[in-house]
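There are 2 protein chains.
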Amino acid sequence: MNHQENLTAYLQSFVNELVRNGIKNAVISPGSRSTPIALLMAEHTHVNVHVHVDERSAAFYALGMAKALKEPTVLVCTSGTAAANYFPAIVEAKISRIPLIVLTADRPHELRDVGAPQAIDQINLYGNQVKWFMEMSPPDAAPEMLRYVKTVSARAVAAATKEPKGPVHLNLPFREPLIPDFNHLEKYEADDPYLQIINGELTVSDEYVKGLAARLTGFSKGIIVCGEMNDGNFSEAILELAKALDFPILADPLSQLRSMEDPDNLIVDTYDVFLRNEDVKQALVPEVIIRFGSMPVSKPLTIYMRELEALQIVVDGGAGFRDPNQLTAEMVYCDETTFCRKLIEHVEHSKGNHRQLWTSLNEKTKQEISQVADITELSEAKLFHLLADLIPDNSVLFVGNSMPIRDLDTFFHKQAKNISIYANRGANGIDGTVSTALGVGAAKRKPLYLVLGDLTFFHDMNGLIAAKQFDVPITIILINNNGGGIFSFLPQAQHPKHFELLFGTPLDLNFEHLINLYGGQYSVVENWDHLRALCTDAESNFSIRLFEIKTNRDENLKEHRQIMAKVSQEIQHFLRDEGK
Amino acid sequence: MNHQENLTAYLQSFVNELVRNGIKNAVISPGSRSTPIALLMAEHTHVNVHVHVDERSAAFYALGMAKALKEPTVLVCTSGTAAANYFPAIVEAKISRIPLIVLTADRPHELRDVGAPQAIDQINLYGNQVKWFMEMSPPDAAPEMLRYVKTVSARAVAAATKEPKGPVHLNLPFREPLIPDFNHLEKYEADDPYLQIINGELTVSDEYVKGLAARLTGFSKGIIVCGEMNDGNFSEAILELAKALDFPILADPLSQLRSMEDPDNLIVDTYDVFLRNEDVKQALVPEVIIRFGSMPVSKPLTIYMRELEALQIVVDGGAGFRDPNQLTAEMVYCDETTFCRKLIEHVEHSKGNHRQLWTSLNEKTKQEISQVADITELSEAKLFHLLADLIPDNSVLFVGNSMPIRDLDTFFHKQAKNISIYANRGANGIDGTVSTALGVGAAKRKPLYLVLGDLTFFHDMNGLIAAKQFDVPITIILINNNGGGIFSFLPQAQHPKHFELLFGTPLDLNFEHLINLYGGQYSVVENWDHLRALCTDAESNFSIRLFEIKTNRDENLKEHRQIMAKVSQEIQHFLRDEGK
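Protein sequence lines correspond, in order, to chains A and B. As numbered in my numbering, residues 1 to 580 make up the first sequence, in order. As numbered in my numbering, residues 1 to 580 make up the second sequence, in order.
The hints are simulated quantities; they were obtained by calculation from the structure and are not laboratory data. Some hints here could point you the wrong way.
Stated by the list, open to error - Which bits of chain B does chain A cover? Going by a derived footprint, with three or more residues having C-beta under 8 angstroms, they are:
(1) 81 to 94
(2) 106 to 119
(3) 488 to 500
(4) 514 to 521
Said to hold, decoys possible - Distance condition first, Cα-Cα at most 16 angstroms in a straight line; then the derived EDC-like pairs of lysine to aspartate or glutamate:
(5) Lys550/B with Glu377/B
(6) Lys221/A with Asp246/A
(7) Lys444/A with Asp471/A
(8) Lys497/A with Asp181/B
(9) Lys299/B with Glu176/A
(10) Lys414/B with Asp262/B
(11) Lys221/B with Glu287/B
(12) Lys446/B with Asp393/B
(13) Lys468/B with Glu307/A
(14) Lys281/B with Glu307/B
(15) Lys444/B with Asp231/B
(16) Lys444/B with Asp121/B
(17) Lys162/B with Glu189/B
(18) Lys221/B with Glu348/B
(19) Lys444/B with Asp471/B
(20) Lys497/A with Glu43/B
(21) Lys364/A with Asp246/A
(22) Lys281/A with Glu578/A
(23) Lys497/B with Glu43/A
(24) Lys558/A with Glu377/A
(25) Lys299/A with Glu176/B
(26) Lys558/B with Glu377/B
(27) Lys497/B with Asp508/A
(28) Lys468/A with Asp508/B
Stated by the list, open to error - The following residues of chain B were derived to be distant from chain A, with all beta-carbon distances above 10 angstroms:
(29) Asn48
(30) Ala142
(31) Pro177
(32) Tyr188
(33) Asp231
(34) Thr338
(35) Asn418
(36) Lys444
(37) Lys566
Every residue gets a Cβ at the ideal spot worked out from N, C-alpha and C, and that includes glycine.
Construct all of the structure, not just a fragment, from the sequences and the given hints.
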């Protein structure tokens with residue numbers, strides 16, 4: 001076979017095997033060296049191709065799709081710095097356990113480290129930030145090489161989706177000419193993959209579960225903590241387990257449990273507020289904590305757990321180690337849903353009325369917090385309190401890092417609408433947020449709302465082009481406090497010298513121009529009625545609409561402190577009245 | 001000493017030692033974990049601090065400064081994906097041999113791999129893309145620890161500036177509280193560094209040079225090829241050597257030799273055009289090539305050198321291997337200027353009149369090319385031909401990758417103005433171009449012109465904020481052909497299916513809005529007189545001005561082909577008339 005036939009047969013086998021192993025989406029950035037793989041992806045009837053010029057945004061977009069679909073997205077780029085631009089999203093994917101298959105085209109061996117154009121060292125380019133790396137052979141259609149390339153293809157999918165899920169990287173060297181021979185393409189037949197890899201899941205023995213159930217029954221005071229989890233089966237199972245144990249569930253906004261039916265009132269969602277109060281912490285001393293998912297957003301909760309002497313049990317289906325407090329006494333490497341189901345079978349109802357206090361504190365706090373609804377001025381706190389109201393049922397809410405995710409945690413409570421909440425909480429970066437949100441939106445095809453601050457928005461302005469190019473309508477609520485609002489809450493704020501230079505970092509940009517660049521709709525929110533009218537303008541046909549809420553960092557700090565002081569005082573009274 | 005005193009003394013020693021070893025500039029991105037190092041940099045009277053929110057742009061900006069100043073810029077960021085955003089610029093710095101000192105703040109050891117927020121694995125984060133990595137100790141002011149931290153500081157500068165120059169990475173773990181104690185800061189005294197590291201330079205023996213000189217004298221046909229070099233001493237030395245040898249110098253646009261006085265007419269700058277002609281190549285067969293700098297931009301030159309049987313000698317003061325043709329017979333690891341100076345002493349004038357033909361072909365080609373001046377429509381070719389005319393003396397010209405740098409090579413010839421030309425020709429990426437240009441501009445403080453295409457401009461839109469924030473005026477000539485113009489020149493263009501999707505990639509953006517975002521001046525160029533008027537409007541006081549030239553990819557391809565065909569024909573006639 002000649003060069004082109006080798007290239008074509010080898011890569012078609014590779015792509016077909018990806019598809020047969022379940023791959024549906026590829027995000028491709030333009031380039032020359034990647035031509036053969038890009039063309040074969042575009043030609044494939046079963047691959048949705050999204051072409052994104054900026055590789056940094058492209059990778060976050062792919063991450064968003066993978067996050068929403070819970071299956072790997074493929075990334076394709078050319079050689080050189082293009083591949084380096086994937087790095088931030090790869091780092092986030094690794095730590096937040098999102099499957100990605102990164103395909104970087106490369107110069108062939110004879111053009112490496114010899115000053116050839118666009119040739120960098122791509123071997124292990126992403127180091128420890130990917131789960132698996134393979135430097136692939138130059139294309140070759142010998143039977144044993146087709147077996148090889150199909151096997152690598154299947155292994156890439158399996159490696160990306162094996163728990164803990166994450167990114168994998170294949171580096172593909174190509175010689176010129178780079179054009180496949182379309183006359184030699186075989187028609188794709190949906191078929192079993194050449195290689196099926198069955199990723200087993202972690203489980204624990206019945207003996208362990210029985211023993212644990214017996215021990216749990218002995219405790220009268222227990223709590224369940226759920227960090228980020230994104231699995232409907234788990235949500236059901238954990239509610240059943242909590243009911244069986246009569247333990248409250250402290251549910252992080254990313255646990256998806258704040259948008260669940262909760263007939264038994266098991267969910268506690270205001271702990272971020274009431275666990276700031278020392279008396280409350282004294283009154284709520286559990287003997288056991290069972291924790292699932294990643295570490296919760298709430299800093300008061302983290303500090304609370306750090307101060308306890310309770311037995312801390314962490315269940316992790318990805319077999320990592322997610323406890324910065326290092327107070328875990330039992331780390332259970334078991335699929336979380338399996339763990340719940342197994343435990344439910346053996347558990348007996350615990351005896352205490354511990355949950356009652358959590359529930360009543362939660363209700364009292366919620367009642368107090370709800371007074372932020374009376375704030376007449378535009379306010380970050382009230383925005384998050386109102387959010388569930390403003391957003392339609394059956395929608396996706398993506399939340400920026402830094403202050404928005406924290407405010408969401410504090411002010412967005414359990415409600416009846418089906419709102420899926422997402423954020424990039426692996427490495428908590430302010431990068432790639434717009435793109436990740438659009439990737440989620442493209443996968444979910446539901447109304448997409450993104451709430452974020454001005455620095456986060458600025459960081460990924462490029463990502464917004466995906467809304468226009470891939471037809472993913474997005475509503476952006478931009479909280480513009482002209483700089484880094486979170487720093488006002490940190491000790492740095494006590495040192496005014498250099499503060500605005502290093503931390504405040506105002507950009508002084510009028511984002512209307514940016515929205516015009518992408519042909520979107522821009523509005524400055526004048527007041528709450530205006531925001532409500534904008535959000536409910538369901539008739540409007542849009543690609544991008546941005547509602548800008550201008551706030552002030554100093555006033556926001558003051559308002560947060562006032563709200564927290566008042567709520568804390570009321571909770572204290574409540575606690576005293578309850579005789580605790 | 002308490003925590004804060006340890007932190008302060010340790011980091012002040014570190015920063016002072018950087019400064020005493022010559023560091024003057026730091027580019028800092030906002031973050032919490034990096035607070036102590038950021039504050040001490042900002043507090044230091046001898047460090048210019050530039051605060052840049054987007055770390056990707058920040059790193060390219062630092063790269064541009066380092067490129068122009070030929071000394072390391074320091075980068076400072078917080079932990080997490082912030083550090084990953086530096087990766088593209090680090091890759092470019094490594095391969096283009098630009099010194100950078102990358103300081104990433106990190107969580108301390110006890111908060112690593114335990115699910116703590118914003119904690120990723122930063123050990124060897126950049127893998128092979130940095131020259132040196134050190135995981136540093138937590139701050140400690142014991143005398144031996146101050147010796148340690150000052151030694152690492154001095155070594156970082158030395159490692160970054162040792163040939164081949166490049167990026168180094170120090171990872172700094174910090175525990176809370178993160179605020180240094182300003183009361184314990186000592187006043188900075190300019191002093192000798194604690195540790196001076198003298199980076200020796202490569203030289204070769206007199207015996208080798210004498211032998212080479214003798215051999216060269218035996219050749220009647222030799223050429224010198226200069227790729228990217230950026231050293232005034234070298235420019236002088238190479239002209240003297242060429243004169244002594246009577247060899248022509250094929251001077252890449254980034255060799256800086258096209259802006260030199262050249263009284264002996266040694267510089268050949270149109271080879272990219274005439275080496276496309278087979279008859280010319282037959283007539284110009286050197287016996288020896290001496291090459292300096294990185295591989296030249298010109299593909300015709302690379303192909304020409306590939307087809308020769310000449311003795312190829314490459315001189316590389318960075319001791320790399322920059323010959324993708326792998327036809328180098330002698331690779332001389334010696335400082336380039338030293339090599340020239342030593343060789344000049346021993347060389348005797350070679351006998352041939354070989355140089356005459358190169359010179360006359362160069363002049364004939366230039367004369368033919370100059371006819372593009374007659375093109376009345378807006379044209380990419382004519383733009384680069386006119387460029388030296390449009391740009392003031394004593395200015396900086398930064399050129400985007402992909403087509404602009406190639407068109408510059410083809411159409412921008414030797415001229416009398418002092419125009420320093422820069423591009424990112426390590427990995428040839430289209431990323432980070434705006435930021436690198438602004439970094440060069442900030443360092444040079446001369447009129448800054450950036451010529452680039454629309455995809456390249458889009459890729460680093462964020463970088464433009466530096467013009468506004470750091471007061472670096474920039475004139476941008478944007479060649480907007482709505483997509484990836486270079487692909488029209490490649491074999492991909494023969495396959496219209498998927499072409500616009502994967503390679504053409506039109507963005508359909510009106511960049512006027514973007515310029516409005518940054519408060520710049522925007523003009524669509526109507527004709528050549530208009531462009532000239534815009535460029536020479538020296539009275540205008542601006543931060544950003546962008547002149548957009550709208551072109552068409554298909555027409556540009558056609559025009560390039562027509563020009564090349566016509567010039568080639570004329571050169572052929574000339575050659576025949578010369579009797580070659």
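Status of each hint after checking the structure:
Closer than 8 angstroms: that is the beta-carbon criterion, and the segment 81 to 94 of chain B has 10 residues meeting it against chain A, so the requirement of 3 holds. Counting residues of the segment 106 to 119 of chain B whose beta-carbon sits less than 8 angstroms from any beta-carbon of chain A gives 9, enough to reach three: the coverage restraint holds. As drawn, the segment 488 to 500 of chain B meets chain A at 7 residues by the rule of a beta-carbon pair under 8 angstroms; at three or more, the given contact holds. Look at the segment 514 to 521 of chain B against chain A: 4 of its residues bring a Cβ nearer than 8 angstroms to a Cβ of that chain, three or more, so the hint holds.
A hinted pair counts as satisfied when its Cα atoms are at most 16 angstroms apart, and Lys550/B with Glu377/B qualifies at roughly 11 angstroms. For the given pair, Lys221/A sits about 9 angstroms from Asp246/A by alpha-carbon distance, which is consistent with the 16 angstroms threshold. Taken as a hint, the Lys444/A and Asp471/A pair is honoured in the structure, with Cα atoms around 13 angstroms apart against an allowance of 16 angstroms. Only pairs whose Cα atoms come within 16 angstroms are accepted, and Lys497/A paired with Asp181/B is accepted, the gap being roughly 13 angstroms.
A hinted pair counts as satisfied when its Cα atoms are at most 16 angstroms apart, and Lys299/B with Glu176/A qualifies at roughly 15 angstroms. A distance of roughly 9 angstroms separates the Cα atoms of Lys414/B and Asp262/B; the hinted pair therefore holds under the 16 angstroms criterion. Between Lys221/B and Glu287/B, the direct Cα distance comes to roughly 5 angstroms. Compliance with the 16 angstroms bound is thereby established for this hinted pair. Only pairs whose Cα atoms come within 16 angstroms are accepted, and Lys446/B paired with Asp393/B is accepted, the gap being roughly 10 angstroms.
Simply put, Lys468/B and Glu307/A have alpha-carbon atoms about 48 angstroms apart, too far for the 16 angstroms limit, and the pair is violated. Pair hint Lys281/B plus Glu307/B holds up; C-alpha atoms about 9 angstroms apart against a cutoff of 16 angstroms. Distance hint between Lys444/B and Asp231/B is fulfilled; the C-alpha atoms sit about 15 angstroms from each other, no more than 16 angstroms. Taking the CA atoms of Lys444/B and Asp121/B, the gap is about 37 angstroms. The hint is violated against a cut of 16 angstroms.
A hinted pair counts as satisfied when its Cα atoms are at most 16 angstroms apart, and Lys162/B with Glu189/B does not qualify at roughly 26 angstroms. With a C-alpha separation of about 14 angstroms, the suggested pairing of Lys221/B with Glu348/B holds against the 16 angstroms cut-off. As the CA atoms of Lys444/B and Asp471/B are separated by approximately 13 angstroms, the hinted pair is consistent with the 16 angstroms bound. Pair hint Lys497/A plus Glu43/B holds up; C-alpha atoms about 9 angstroms apart against a cutoff of 16 angstroms.
Simply put, Lys364/A and Asp246/A have alpha-carbon atoms about 20 angstroms apart, too far for the 16 angstroms limit, and the pair is violated. Taking the CA atoms of Lys281/A and Glu578/A, the gap is about 15 angstroms. The hint holds against a cut of 16 angstroms. Our distance criterion of 16 angstroms between C-alpha atoms is met by Lys497/B and Glu43/A, whose separation comes to about 9 angstroms. Taking the CA atoms of Lys558/A and Glu377/A, the gap is about 14 angstroms. The hint holds against a cut of 16 angstroms.
For the hint pairing Lys299/A with Glu176/B, the CA-to-CA distance comes to about 15 angstroms; that is within 16 angstroms, so the pair holds. At roughly 14 angstroms between alpha-carbon atoms, Lys558/B and Glu377/B fall within 16 angstroms of each other, so this suggested pair holds. Only pairs whose Cα atoms come within 16 angstroms are accepted, and Lys497/B paired with Asp508/A is rejected, the gap being roughly 44 angstroms. Under the criterion of a C-alpha separation no larger than 16 angstroms, the hint pairing Lys468/A with Asp508/B is consistent with the structure, at around 10 angstroms.
The claim that Asn48/B is not at the interface with chain A holds, since no C-beta of that chain comes within 10 angstroms of its own (minimum 12 angstroms). Against the 10 angstroms criterion, Ala142/B stays outside the reach of chain A, whose nearest CB is about 25 angstroms from its own CB. At roughly 6 angstroms, the least C-beta separation between Pro177/B and chain A is not larger than 10 angstroms, which violates its mark as non-interface. For Tyr188/B, the requirement that its beta carbon stay farther than 10 angstroms from each beta carbon of chain A is met, with the minimum near 16 angstroms.
With a least beta-carbon separation of about 18 angstroms from chain A, Asp231/B lies farther than 10 angstroms from that chain, consistent with its non-interface assignment. Remark: the non-interface label on Thr338/B is consistent with the geometry, its nearest Cβ contact in chain A lying 21 angstroms away (cut-off 10 angstroms). With a cut of 10 angstroms on Cβ distances, Asn418/B stays outside the contact zone with chain A, its closest approach being about 28 angstroms. Annotated as non-interface, Lys444/B keeps its C-beta farther than 10 angstroms from every C-beta of chain A; the closest such distance is 23 angstroms.
Look at Lys566/B: its CB is around 27 angstroms from the nearest CB on chain A, clear of 10 angstroms, so calling it non-interface holds up.
Going through the hint list in order, the structure does not satisfy hints 13, 16, 17, 21, 27 and 31.
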